[in-house]
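S.K.: Chains as they are written, first to last, in our numbering: chain U, 1122 to 1309; chain B, 1122 to 1309; chain Y, 1122 to 1309; chain L, 1122 to 1309; chain V, 1122 to 1309; chain Z, 1122 to 1309.
I should point out that these hints are in silico values taken from the structure, not numbers from a laboratory. A few of these clues could be false.
Same chains, same label: a pair holds when it works inside one copy or across any pair of copies.
Cut-off 25 Å, straight-line C-alpha distance, at most; resulting in silico cross-link-like pairs (DSS-like, lysine-lysine) [unchecked claim]:
hint, residue 1, residue 2
1, 1223, 1286
2, 1236, 1297
3, 1227, 1289
4, 1299, 1161
5, 1165, 1289
Number of protein chains: 6
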Amino acid sequence: MELLIVKDKRIDYDGSAIQSHWAYRNFGILGDSIVIFRGKCDVKVEEMIDIEDLRQSKEIKSHDMVHYIIEVFDLVNTLFASTLQKLFIARLCEVLGEYGVKTQRKGDDIYVNGKKLSISIATVSPVSVKMHIGINVEARGIPEGVDAIGLKELGVTDVDEFMEKTGKALVEEFNKVKRDSLKVRWAQ
Amino acid sequence: MELLIVKDKRIDYDGSAIQSHWAYRNFGILGDSIVIFRGKCDVKVEEMIDIEDLRQSKEIKSHDMVHYIIEVFDLVNTLFASTLQKLFIARLCEVLGEYGVKTQRKGDDIYVNGKKLSISIATVSPVSVKMHIGINVEARGIPEGVDAIGLKELGVTDVDEFMEKTGKALVEEFNKVKRDSLKVRWAQ
Amino acid sequence: MELLIVKDKRIDYDGSAIQSHWAYRNFGILGDSIVIFRGKCDVKVEEMIDIEDLRQSKEIKSHDMVHYIIEVFDLVNTLFASTLQKLFIARLCEVLGEYGVKTQRKGDDIYVNGKKLSISIATVSPVSVKMHIGINVEARGIPEGVDAIGLKELGVTDVDEFMEKTGKALVEEFNKVKRDSLKVRWAQ
Amino acid sequence: MELLIVKDKRIDYDGSAIQSHWAYRNFGILGDSIVIFRGKCDVKVEEMIDIEDLRQSKEIKSHDMVHYIIEVFDLVNTLFASTLQKLFIARLCEVLGEYGVKTQRKGDDIYVNGKKLSISIATVSPVSVKMHIGINVEARGIPEGVDAIGLKELGVTDVDEFMEKTGKALVEEFNKVKRDSLKVRWAQ
Amino acid sequence: MELLIVKDKRIDYDGSAIQSHWAYRNFGILGDSIVIFRGKCDVKVEEMIDIEDLRQSKEIKSHDMVHYIIEVFDLVNTLFASTLQKLFIARLCEVLGEYGVKTQRKGDDIYVNGKKLSISIATVSPVSVKMHIGINVEARGIPEGVDAIGLKELGVTDVDEFMEKTGKALVEEFNKVKRDSLKVRWAQ
Amino acid sequence: MELLIVKDKRIDYDGSAIQSHWAYRNFGILGDSIVIFRGKCDVKVEEMIDIEDLRQSKEIKSHDMVHYIIEVFDLVNTLFASTLQKLFIARLCEVLGEYGVKTQRKGDDIYVNGKKLSISIATVSPVSVKMHIGINVEARGIPEGVDAIGLKELGVTDVDEFMEKTGKALVEEFNKVKRDSLKVRWAQ
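The task is simple: from the sequences and hints, build the whole structure.
M.R.: The following block contains the structure:
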């Protein structure tokens, strides 16, 4: 799995990066990948993937987020997508633990002291699993009614370092998952 | 996903429970399931799933363990098996955190202060994903050279309660994973 | 598999309900489902699924039909979709038999005395199997050249009861199919 | 789908024909096939596929049966296997209806006046879907406690003709299922 | 696999024939198929499948080509699509060898003396594998910078015969591939 | 895809290397791989994969062969296995062409002047595609009735070099196939 961390510019997330081959189209990265960048979040209704959000006319917004766009081509299946997403979220919580931040994970949501730190969605395109994870840098520009928190409030001020640490952690996790899947014989 | 916690008797784990339909054959449980029981662990060579262990002639042993036998029929694939296994291990670490135990997860292994608390394997049968997780109750009967630890040393003395808490946590995790996989539209 | 029978209002079928997650978007029903409702049928050309109909510029129309919209997420495959469709049609014929109606099934079409009682299509979306079955309540508004018949002409006058009986029968059939798929060991 | 009806000799069914490639190994028939033959039925415990039967130590026996051994290579999945099985059983009931026999189908079982006419199992090998259907010619040699009936008691005395009629009906059904699966465009 | 060679008219290729069911929609051919025709090539940007071409703003053009449109429904997977494509290209090189033309294959490209003879793309729709192969009849109308060659320059002047020979060769190859896949037992 | 060429010792092929994870068990190679070695060939009946050979009681033997054992974990499907096998055979013919040897490929068999140079089989295990290709070094110890030829008779005397050239060619071919499968968008 390839890792690209975009540090030299901001990229806003409007939901369109969830489409297949986004990393290849935009950065020439072929195959399984994680692209991490920083920017606003304002998901257009027509790009919303979570039908529950659509049904409730939720807004998905934040002024400043670290974004993870993940694509995996090995297996096209929504149950696998949802499982990998929860594992990646759990891994991010473990890294936050190393920063001394105590998190609570509820499925694919990260909370700190009851405040929401992240958003995430996982689905399939006809050729891949696609995932977006967004972590608030600051809790600004969040939809009303959401009690949010950001990395800065938690003392994680070196955002570039956080992007690197978490990026490496997720790539290592996936590579371990894949390696282990190849070394087991099948059971009767 | 159905949960069965066997409390009225000990069951030793020799590796054969990794075969497909073990929960249905032995307890009449149909479909996705977690069966939790307590007993010795001594995996016969012919039941070993991890070829790395076989290559190194490792022994897999413990005098007293909590065992989780998990079967999922939704998707037969080793990458999915390996992903779900890591997620379940991460969830177990989170529950241990609620007990005040600080763990370190390395893939599918749980460590506490550098000592190994658990063993695990995940693979496929021709009709299902199968998984075993074993957590030491006490660090006795462990193969030489492995620096192990058990629940009792960590202050988790009510093993029945631990089996219940973790069983419910894993079932809830899986149900959340599955539910989320059904509520997302596909991406272009 | 969940069952929803819409009795308090009419819903016309224009073909768009064949899209994935229609039941979740419109009724909040997650996962495998059958939604049954009553209303006109007039399938827009751009929603037509059967390319044979498109090639022959067929019209798909009826003034009053019982509609079944079925979605199954377990397996995304057109051969499975087509098989399940024929089984559901056969089951509907069996229920009609309990009403004393003697039917002839030709694949996915139901005939009574050589007159066409039903229409049906089964296909896949990228995440599910989707199916529509429509049964004429009255043989009115049918495209010219089609010799049709409706439930009322056959003495099935309590349409609400018919919707319930058939709905339950299809759900029970699917649940039996699924249960049986979980209790068989694999063959060499 | 190829059809072979063995008329020149009796073949007893002991369960081993459920293994993959049985038709190719024994008759040189490549690919999807139905082989129909007549003989005793006495399934060895080690060949039993239905774990429910195994759990209840059921016997599967009959002195004289028409046997259908079906193999489909298009899609290896137990849910598909179970669905196709029910469709084939429904089709057999329709053919029996043409003989004037009124049947009741319960999943994969055929009853006439509350008496059991048939047995069936469907599963997968690692490369195919496999199915066995057995229909009593006479209700002799049936395990105790099973209230059975046979074709002869139902007035179906020309067993060769019955084998031909049903064989053709099942092949036509499968071919229709397959053809229909190829002529539908996918839905959004 | 069905073969249709269109000889009575020219058909230009603009890329839209890569969509699923093109052969059924246009010629009523159901299932696996190769349709061969002759005409210009000028692929519209919105129909381009190769994202590498899109990224480089390449033009895909030729004044006169033999086109092969292939669709396979047996298995929907891009790795299979890419493998079958390379096999078909290798087979075309073998047929050219019978014409006395010495080719060099680089993946899915055919070269003669360093000059490009062909273009090709292989991908999936949600229900099938789709492939296009185009072979220059004459090296005219080719994008600047591409050193191309055509069948006529190579002495293959009877284009109709070439379409027939290659069409039969590809169909035979696929049928052999399929037949062989059905006659092997699975390995432990 | 990893390549291992065993040069320091002879390994005889008795058919057991067709089992899954043979490369990992014996050489510690994880994931997609080609292992090339040299030795006798004498396939035990119980290891024979081609049921056609079994039906005809064929012997599979040769005194001295170059053997290729290939395993691919990306996609478990016999049609894909059979396709990849033919592509690899075609690639080997191309390499032989570079040696000045004119071959004729018939599916998965290589002939030179009507004499058989190779044997091959491709199938699946429950977790992988497996393939064996054997090329005669000398036409000795071949079953009666088979008109065979070997590399030495064809002037390919540096067998080590041949093992290297062909090994690299097959790995490059597979890597190209895989890379191409990742760079194409899906078609409607």
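S.K.: Which holds for residue 1236 with residue 1297 at a C-alpha limit of 25 Å: within a copy, between copies, both or neither?
M.R.: between (31 Å within a copy, 20 Å between copies)
S.K.: What label fits residue 1299 with residue 1161 when the C-alpha limit is 25 Å: within, between, both, or neither?
M.R.: So residue 1299 and residue 1161 fail the 25 Å test inside a copy (32 Å) and across (30 Å) alike.
S.K.: For the identical chains here, do residue 1165 and residue 1289 meet the 25 Å Cα criterion within one copy, between copies, both, or neither?
M.R.: neither (30 Å within a copy, 37 Å between copies)
S.K.: Could you place residue 1223 and residue 1286 in one of the four classes (within, between, both, neither) given a Cα distance threshold of 25 Å?
M.R.: Both, since 17 Å and 20 Å are each at most 25 Å.
S.K.: At most 25 Å between CA atoms: does that hold for residue 1227 and residue 1289 within a copy, between copies, both, or neither?
M.R.: both (23 Å within a copy, 14 Å between copies)
Of the numbered hints stated above, those contradicted by the structure are hints 4, 5, listed in ascending order.
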